[in-house]
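J.: Could you put together the complete structure from these sequences and hints?
There are 2 protein chains.
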Amino acid sequence: MKKVKVYAPGSIGNVGCGFDVFGLALNVAGDILEVEENNIGALRIIDIIGDDSITRKAEKNIVTVAAQALLNEVGSKQGFDFTLTKGVLAGSGLGSSGCSATAGVFAINELLGQPYSKMELLKFASVGEQIASHQVHYDNIAPSMFGGFTITRSNNPLEILQLAVPDNLYLAIVRPNVIIKTNEAKQMLGNTMPLANAITQFGNIAGLIMGMQNNDIPLIGRSVEDLVATPIRSKLIPKFDEAKEAALSAGATGFNIAGSGPAMFAICQGKAMAENVTKALKQVYIADHAANYYITQADVKGTRIID
Amino acid sequence: MKKVKVYAPGSIGNVGCGFDVFGLALNVAGDILEVEENNIGALRIIDIIGDDSITRKAEKNIVTVAAQALLNEVGSKQGFDFTLTKGVLAGSGLGSSGCSATAGVFAINELLGQPYSKMELLKFASVGEQIASHQVHYDNIAPSMFGGFTITRSNNPLEILQLAVPDNLYLAIVRPNVIIKTNEAKQMLGNTMPLANAITQFGNIAGLIMGMQNNDIPLIGRSVEDLVATPIRSKLIPKFDEAKEAALSAGATGFNIAGSGPAMFAICQGKAMAENVTKALKQVYIADHAANYYITQADVKGTRIID
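These protein sequences, in sequence, are chains L and F.
Just so we're aligned, residue 1 is where the first sequence starts under the numbering used here, counting upward by one.
Just so we're aligned, residue 1001 is where the second sequence starts under the numbering used here, counting upward by one.
In case anyone wonders, no lab produced these hints; they're calculated from the structure.
Any given hint might turn out to be false.
As the list claims (entries may be wrong) - Derived DEER-like restraints, expressed as beta-carbon distance ranges:
1. T192(L) to V1136(F): 22 to 28 Å
2. P218(L) to N1072(F): 31 to 37 Å
3. D241(L) to G1050(F): 51 to 57 Å
4. P218(L) to G1270(F): 20 to 26 Å
5. K235(L) to E1059(F): 47 to 53 Å
6. S76(L) to N1214(F): 34 to 40 Å
A virtual CB, placed ideally from N, CA and C, is assigned to each residue, including glycine.
T.: See the structure below:
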């Protein structure tokens, strides 16, 4: 029986100002997915390692729902067994559902002989992602699929732009031990935003792109400020304000929530700064023994075969 | 008596998606300003050539109000005579008030021995610009001062970013013969925008920057779409929809209103395309004998001494 093993990186959606539009692939928090053909003509989840909260039911799991969408499109009745090793808990804000969805469709596409390009695979991955967020958006699945920094310029028709990430951009990430569900976090946001805030956000979006292109880490940091989701979501995250102040005091050029949180990222120039910032964040969350810390750079390869 | 002659280029504010944030300096529609010291210890407008609608009262004219703001800051009691030659009518959407304001402060700064940098001069120019728009914004004065494509990343503190413009970017501009006052056009906009529209705009803003950086004229064109002001302001402009359709049919990659209009710009790849687009626009406005047409590229020098 044919089989394949793939890796899909975690990611930060929004990257602060780019709500539903920007995404950054990380070299941490990715999923490993092994898929093997079976002879029962159905999708089956054999095991999920690293997160007991995720359903094993193939008709409800993000990986298999996305994979099934691809199989339906090509008209295949083949069955496959899935073994998923989670790199990060669901509900962390580090693109857990996005990397599961991209891993699922990428693996099936490989086993079918690559009928689709990575760009074409996004639409199948989005079917899986919808289970988590109840909306179609690409701010996690695009970076997870392609690696690097991605921009959803348009949803309809879908247009994804890619951008190189500065070599000296490091992120210090902390994930405190609370779970925030993406769809609930979305519902807290209103349907409108003040025009003055939108204009501020326009400037930050342009600034973030300029910073990435010009390797200007301070400009990137200044530009990750967000007025859409952060003012509301930061209240759901224990000690957000203290964490931000600690990170900036330790040298970070910017700080915000990863996706819908609770993970947070600090923009750092070089590894030493990221280490200093992590020390400062550990002081803030010293009583939260289940907090996780990551020092990471961008993943530049995206979803890929391993082994 | 000391004297100086300066040129300040016209500009397109907003550039579609970058409402109040983006600006593009043009190699047309600029003002020429001659300033000479006088011995009456007051500012005096000697003549304004090319636009009879502009006030000659020094305490109300954009040029002299901006110049006076600078003189007040340095504590100078010197008097100056101003002769202004307008490159474009006020109320065109081509940055008429912005280039008058930048010309005024730049000229006085020269005559005083350059106490300020161009960046520092922006705040004085904005005092003049406020007369026209009743708001402080830099989407015309920044490109007019610096040339090229500018981004107001932040108003407070003021941060202006600059971006090179592709060599093969041409703009076909048409100004139909109606006057739209900036402050009235602003008042028609609401104080909020739908979040879904803001997200679309975020993608376009990122796309426009990417297009400029990558010399991708089709991407620039796709990205100049705007959901803040264009849906409302386009209704004030005779035949906007026909003009847009004609420009795109003639090859333009994008089309929108310059600032608050009524001038409109078409994004074109190369001069030949801009000429074709202009032909198509002339057919639309064939009955409007007072319409003006410009084929232009970016001005890359900004406000400067001439002669």
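J.: For each hint, tell me whether it holds in the structure or not.
T.: Hint-by-hint comparison with the structure:
1. T192(L) to V1136(F): 22 to 28 Å: 24 Å, holds
2. P218(L) to N1072(F): 31 to 37 Å: At roughly 33 Å between Cβ atoms, N1072(F) and P218(L) fall inside 31 to 37 Å, so the hint holds.
3. D241(L) to G1050(F): 51 to 57 Å: 55 Å, holds
4. P218(L) to G1270(F): 20 to 26 Å: Check failed, 37 Å falls outside 20 to 26 Å.
5. K235(L) to E1059(F): 47 to 53 Å: 49 Å, holds
6. S76(L) to N1214(F): 34 to 40 Å: 38 Å, holds
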